[in-house]
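Asker: Could you build all of it, start to finish, from the sequences and the hints given here?
There are 2 protein chains.
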Amino acid sequence: MSDLTLNPTFLQACRGEKPAHTPVWLMRQAGRYMAEYRALRAQHSILEMIKDPEKAAEVTLQPVNAFPVDAAIIFADILTLLEPMGMNLEFISGKGPVFHNPVRDPADIRALKPINARRDLDFTLDAIRLSRERLENRIPLLGFSGAPYTLACYAIEGAGSKDFDNVRAWMFAHPRDWADLMDRLTDAVTDYLLAQIEAGAQAVQLFDSWAGSLSLADYRRFAAPWTRRIFDTLAREAPGVPRIHFSANGGHLLDEIATFPLSVLSLDWRVDAAAAIAKYGNSAAYQGNLDPARLLASDEAVLEGVAAVKQAFSGANGHIFNLGHGVIKTTPPERVKLLIDCVHGL
Amino acid sequence: MSDLTLNPTFLQACRGEKPAHTPVWLMRQAGRYMAEYRALRAQHSILEMIKDPEKAAEVTLQPVNAFPVDAAIIFADILTLLEPMGMNLEFISGKGPVFHNPVRDPADIRALKPINARRDLDFTLDAIRLSRERLENRIPLLGFSGAPYTLACYAIEGAGSKDFDNVRAWMFAHPRDWADLMDRLTDAVTDYLLAQIEAGAQAVQLFDSWAGSLSLADYRRFAAPWTRRIFDTLAREAPGVPRIHFSANGGHLLDEIATFPLSVLSLDWRVDAAAAIAKYGNSAAYQGNLDPARLLASDEAVLEGVAAVKQAFSGANGHIFNLGHGVIKTTPPERVKLLIDCVHGL
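In order, the protein sequences belong to chains B and V.
First residue of the first sequence? That's 1 in this note's numbering, and the numbers climb one at a time after it.
First residue of the second sequence? That's 1 in this note's numbering, and the numbers climb one at a time after it.
Identical copies go unnamed one by one, so any copy, or any two together, can satisfy a pair.
Below, computed lysine to any residue pairings styled on SDA-like, alpha-carbon distance capped at 25 Å:
{"hint": "1", "residue 1": "Lys310", "residue 2": "Pro175"}
{"hint": "2", "residue 1": "Lys329", "residue 2": "Asn101"}
{"hint": "3", "residue 1": "Lys310", "residue 2": "His174"}
{"hint": "4", "residue 1": "Lys310", "residue 2": "Arg220"}
{"hint": "5", "residue 1": "Lys310", "residue 2": "Arg221"}
{"hint": "6", "residue 1": "Lys162", "residue 2": "Phe99"}
{"hint": "7", "residue 1": "Lys162", "residue 2": "Arg335"}
{"hint": "8", "residue 1": "Lys329", "residue 2": "Trp178"}
{"hint": "9", "residue 1": "Lys310", "residue 2": "Ala173"}
{"hint": "10", "residue 1": "Lys55", "residue 2": "Pro68"}
{"hint": "11", "residue 1": "Lys329", "residue 2": "Pro102"}
{"hint": "12", "residue 1": "Lys279", "residue 2": "Glu256"}
{"hint": "13", "residue 1": "Lys162", "residue 2": "Ser298"}
{"hint": "14", "residue 1": "Lys337", "residue 2": "Ala173"}
{"hint": "15", "residue 1": "Lys162", "residue 2": "Pro333"}
{"hint": "16", "residue 1": "Lys329", "residue 2": "Pro68"}
{"hint": "17", "residue 1": "Lys310", "residue 2": "Leu216"}
{"hint": "18", "residue 1": "Lys55", "residue 2": "Gly94"}
{"hint": "19", "residue 1": "Lys162", "residue 2": "Tyr37"}
{"hint": "20", "residue 1": "Lys329", "residue 2": "His174"}
{"hint": "21", "residue 1": "Lys162", "residue 2": "Ile328"}
{"hint": "22", "residue 1": "Lys55", "residue 2": "Ser93"}
{"hint": "23", "residue 1": "Lys310", "residue 2": "Asn166"}
{"hint": "24", "residue 1": "Lys279", "residue 2": "Thr259"}
Calculated from the structure, these hints are not laboratory results.
Answerer: Okay, structure coming up:
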């Protein structure tokens, strides 16, 4: 399939070039805030939608058809790759993801299976192929995965948690078993992302949703080496495909994250973007970082926020406009439209 | 009552002096991890314990009698001062604090009543007097309150929340009403802290548990002016009483927080203490910041963590050892003992 994307603004910004307009896409742009999504969700579980390539492609295209976004992201979940490793995943209404067999001792870790993404996660790869067909090169398609630390959090805790205190406790108590777990997760993530690229993903983003619960010193010891290994491999095996890193609540980790071989550094809404660009320079492009709560507030709050974000990133070689976290499910869709038009300068 | 505390190490460190040993106390040192606390809690609700000075003093003294801590903190809650303002507080098991009449529009804010802490929160003031008597000047007693931003979060949301997105949305949408609410909360907090000092609190700590959900720019606009006003008033009205600020998850706000007239800057476990001291200097003393998860892990993890924290704070004029967040309820009490002995160099 050709990479001659009709709207190249996102890929240009990833490469640090100045596109015709500031590209914008939104984390969780396909989600519950859209009536089209809720209609499909009323009939199917999240896992059913993810595992049916037809439905996953349909959801992927929903925001693309509704809004003039400059990139699409495949509809999938950061946790699905734990299933073929041997973990039983269920999304429970009002509770979120739950693993019924969390990893709690070294034998559990040794029992985790290596994955072959082309076989075990073929549904997402098929959804990528189908989405690329339907996008007809209008805009590029991103693939993604959870980062090893975040995957380890769910594998050990077995569910969401405020700060995953029990996970850090386990990590401190079992540093060698922790390294074993992170090795296995890193192999799986790497295989999965390379398979997504092979299937047609034109950029990939690693989501480290919970690394922010670590201090910088512990991040350097217990998480960063594995994340770095993934980006090193991607840079070697798929050098032309932009690599994006997003860490929620991870501003205090940027001293380390900025040393990864990244194309794009994606910032949480709490990070002072101008200060980050001044400190970490322009070897990577930047993405972010409007506070998603502004979309709930008022049109004025969106306009004011967009102007402030564009100003804060004005020193970046490349800037991809995004939220500093996922779209909140109570967001009015018309504010998303307003946001995107405003970023595009309309 | 005399201030000639037999163990002056905490107050010395607050003043930036080098005490005979590094003083240590722990946020939430009186809590569910202690069997003595659970025994009392089995018979009384949290609010019953807080509102009965006899029981509140008993709980305050529990960790003092169990461990060689260098300071006590009065048993109370950051949210109780919202009750006399007109909000109906209940602690619901497994859910935490709930207000049954959250503030949702400007009329709700105008209906909030000013408090007179000496009348409305006399139970905590009596508990302070009783605790001081029972402490017999062995160690100093801290008073505390929630900071206005955190109080506003609970007042508007009516309960806990992951990042209080709805609160920021409300704040962006109603900046003038927000300022009105913050003015009222600031008056209440100031009155409450001054009354605690009058009753015998020998230092006061402001807990801003949720300010970390704001960007620095929004913190400066929507939270910091009110927090600063409180510390300005305390510095003027009670200049000899150390003022401590703790912001959970607020490392990205320190550029502003460090400009408050503080005696002690208390750091979350994720803050790089050595870097903070290098950046913000020694006009204030520092407190913190062991990751509380280390207490769940192993003796080795505690010893390693204490050594790292003491090293990280070695450039501070005064260092009060503490956790970087409250004690986790599953913490083994013997690890708290180990921690304190280790800080004391035993």
